[in-house]
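> Each chain is listed here by its residues.
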Amino acid sequence: MKQGHAGQAIPHDSAIRHVSGTARYVDDIPLPLNTLHAMVGTSTCAAGHITQLDLSAVKSSAGVKAVLTLDDVTGHKDIGPVFPGDPLLSTGEILFYGQPIFVVAADTYQNARRAARKAKIEYTPQTPLLDVKQALHQQRFVRPTHIFGQGNAQAAIQAAPIQLHGEQYIGGQEHFYLEGQVSLALPTEEGVMVYSSTQHPSELQKLVAEVLHLPIHAVTVEMRRMGGGFGGKETQAAQWACLAALLALKTQQAVKLRLPRADDMSLTGKRHPFWNQYTLGCDEEGKILGAMIQVVGECGYSPDLSDAIVDRAMFHSDNAYYLPNAHIVGQRCFTNTVSHTAFRGFGGPQGMMIIEQAMDDIARRVGKDPLDIRKLNLYQEQQTTPYGQTIEYFVLPSIIEQLEYSSDYWQRREGIKLFNQTASHVKKGLALTPVKFGISFTAQHLNQAGALIHIYTDGSIHLNHGGTEMGQGLNIKVAQVVATEFGVDIERVLISATRTDKVPNTSPTAASSGTDLNGKAAQQAAQILKARIAECIATEYQVPVESVEFVNNQVRYLGGALSFAEVANLAYLHRVSLSSTGYYKTPLIHYDRKAGKGRPFFYYAMGAAVSEVQIDTLTGEYKVLRVDILHDVGTSLNPAVDQGQIEGGFIQGMGWLTTEELMWNQEGRLLSTSPATYKIPAISDTPPVFNVALLKDHPNGVATIYHSKAVGEPPFMLAISVWSALRDAISSLSHYKMSPRLDTPATPERVLRAVLESRAHNP
Amino acid sequence: MLTLNINGASKELDVTPDMPLLWALRDHALLTGTKYGCGMAQCGACTVHVDGQPIRSCITPVGSVAGKAITTIEGVQSTAAKAVQDAWQTLNVPQCGYCQSGQIMSAVALLEKNPKPTDVDIDQAMGGNICRCATYPRIRAAIHQAAKTLG
Chain P
112 MKQGHAGQAI PHDSAIRHVS GTARYVDDIP LPLNTLHAMV GTSTCAAGHI
162 TQLDLSAVKS SAGVKAVLTL DDVTGHKDIG PVFPGDPLLS TGEILFYGQP
212 IFVVAADTYQ NARRAARKAK IEYTPQTPLL DVKQALHQQR FVRPTHIFGQ
262 GNAQAAIQAA PIQLHGEQYI GGQEHFYLEG QVSLALPTEE GVMVYSSTQH
312 PSELQKLVAE VLHLPIHAVT VEMRRMGGGF GGKETQAAQW ACLAALLALK
362 TQQAVKLRLP RADDMSLTGK RHPFWNQYTL GCDEEGKILG AMIQVVGECG
412 YSPDLSDAIV DRAMFHSDNA YYLPNAHIVG QRCFTNTVSH TAFRGFGGPQ
462 GMMIIEQAMD DIARRVGKDP LDIRKLNLYQ EQQTTPYGQT IEYFVLPSII
512 EQLEYSSDYW QRREGIKLFN QTASHVKKGL ALTPVKFGIS FTAQHLNQAG
562 ALIHIYTDGS IHLNHGGTEM GQGLNIKVAQ VVATEFGVDI ERVLISATRT
612 DKVPNTSPTA ASSGTDLNGK AAQQAAQILK ARIAECIATE YQVPVESVEF
662 VNNQVRYLGG ALSFAEVANL AYLHRVSLSS TGYYKTPLIH YDRKAGKGRP
712 FFYYAMGAAV SEVQIDTLTG EYKVLRVDIL HDVGTSLNPA VDQGQIEGGF
762 IQGMGWLTTE ELMWNQEGRL LSTSPATYKI PAISDTPPVF NVALLKDHPN
812 GVATIYHSKA VGEPPFMLAI SVWSALRDAI SSLSHYKMSP RLDTPATPER
862 VLRAVLESRA HNP
Chain E
68 MLTLNINGAS KELDVTPDMP LLWALRDHAL LTGTKYGCGM AQCGACTVHV
118 DGQPIRSCIT PVGSVAGKAI TTIEGVQSTA AKAVQDAWQT LNVPQCGYCQ
168 SGQIMSAVAL LEKNPKPTDV DIDQAMGGNI CRCATYPRIR AAIHQAAKTL
218 G
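Protein chains in written order, with our numbering: chain P, 112 to 874; chain E, 68 to 218.
Only chain P is shown next, with the shape it has when bound in the complex:
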């Protein structure tokens, strides 16, 4: 009986630890004697210059051991991950409200916190730039504009029988990982050892080394598990690690820096808010003939990852629809806020929103059901995207057809129309929206991974790879791959913490690519070891090497079999190396940025969702009544894990589009800095009917690990169906003649405003 091989719905490797409180996170690591606790002191204006910085009261505060400013940094002072622009501490210029100016280490957390508040800082404040459209008007960009397209959009729109225009403001999103940013740094003989809750140990290692002016090999980073990442710990875990490391070297004591929740929310970047607009031309049936789309990301004070994030918004502004003539513009605006960063979907969701708005708008204009418009414009095999990638293995028509049937879409549509005609204040809405999400990092070099496998003489297997576990089930999936390759029970495979001294130069665990990349790398390492063992057996027993197989915890060969443990010991005695690295790089992908053409994605992950909502037109309050999802994960490596990603991704996406509202005041200070003022979904927000299914019998058309598909991000965008269903319910007030603008988050206030607008349109 094979236990825990690829395709089996086995539990997360930490399941027992998770339910017994024994899963260890960074904040749970037993501290060395005399560990210090660090806290940052931050700005109280959003733009300007520091005129006076008096830290004497901080230094003399109880328990304080060290206070550092940027002047104390001997190495790099800028920790921008791709482009410069992220000073470790303020240079004297203030770029956002809450910008760290100094860092203090004290004997206790409380003492550090008290001391950090004692600084006397004076500023010459400037008027902060906080509005994305104003920034656009002033051409204040953190990175250059990028444009791509195909055909002649302008001419096609002009010649089209119908022209439409729409715009939208899409709100950002706080990551709200339950485990906040945290790092623990220990001075070592050669440099520093850092435990950090990070999605990108290698980048963190490099940045710490640069800040400390050390070679990279003098810094080691370990990451066992995160209490959630969602993109928020891709680049923005580094600052806290660098500060802790700096203090650790300065004091030669261990230093822990754990941000209090309000600091975490005020000091770290979020999902980019976007302002988008489209102008399109279509025929009388609603088929798009040409489209001009502009997506504008509000990036905050620095580039961070905004180049790639706005690129991905552009790459997804077609979502699943063919735009024969398209002109896509992406812009990256500067504002005096935190630097917005990666968040599940990485700009893709914000880009998709504009074309999904357009689908609804076309439907109202031509008097058809929005689903008919979506199906009419759906890609067909071999068509090309605006960036030149050919559509292949396009399973969406099949997904939509199955979902229409399983969700009873058309019958429910009729029922809802009838309901809306008779109900006085309550209106219902229904929407089916698809997702086509490109899988691969758009920065080509990141599409590589390494793994390391040791087999010990008792047959136990030690597995390490460059990916990081944040709850997505990466470690168990990679372990399943290794167990499958060796034909052993999963219990034999020990998954170990991600460490920069085991697998070097790794990519962030991001872009949904963790399993695709690290699973393949681990498979290669396993195959190398199998080949060595097979050769050893062939020589020992004088059998053909091809006869050696790894099945049922045994290694079989012509005329015999040995247990896996016996084989491991045999190989050792025959001086066969039982340790191997593995390596993988994604084939076929390329993108010529100058030409705006290429194949940035190895493949697309797809899915669709049907959501039904009910709104109260007197208050704007609403409920999600039912959700049906059919999602494509290729051949699933672990259906239990994959389905959990779909359920959770959908609900998180629903939070983004409905209740989660970031609020900055006129001074640029974030007001939504706790769960009391920022509402992520709770258990009561779970749809009462929530049918989630995996698409069956569709292995990935390209050669991914066992033909599976990435699943981390794509389901997030299925929640667009909730927003579209809200617009559908509101549109019923104009007898579906009008498509109301509904910016996000679609809070009850915004829904009510759209209701009033829609009513006013009703003749």
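Errors might be hidden in some of the hints.
[Unchecked claim] Computed from the model, here is a short list of chain E residues facing chain P with C-beta under 10 Å:
#1 P128
#2 C200
#3 Y203
[What the hints assert, rightly or not] Cβ-Cβ distance ranges computed for the label pairs, FRET-style:
#4 E/D186 x P/S517: 18 to 28 Å
#5 E/A133 x P/T133: 25 to 35 Å
#6 E/A133 x P/E868: 32 to 42 Å
#7 P/P143 x E/K135: 26 to 36 Å
Quick caveat, the hints were computed from the structure, so don't treat them as lab data.
Even for Gly, the Cβ is constructed at its ideal location relative to N, Cα and C.
Since the structure of chain P is already known, use the hints to place chain E on it.
For chain E alone, kept in the frame of chain P given last:
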């Protein structure tokens, strides 16, 4: 010095009475299964039982629970607790796992009071335990399953 009854054992801790129970548990009793999430009783990650009632340890002064029975995730051992932990594993509830100690403590307290909770009961009892991975559908299913096991 305060004497606390934690998980059935008497422990003397060098803490002041105004210290939040969470820090006494994590930093002094070295029981790190209970987590810091928000520090203002709004997320539920720090949920423990005091005399069987679920409370938020991050805002509970440790002085106020001296002499009472404090139970943390490390010490929860009732039949209901076993049923909840089993159901949590069978249905693969946790993703990142960070909020799950608190989720389990709230779920156990619910089932000990109400052996057959409805979805509405679950929403009310669990509404203060947020999960960013949004494992809610499985939390709900696991509570129903545990209730079934308990008969």
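> Report the numbers of all earlier hints that the structure fails to satisfy, in ascending order.
1 and 6
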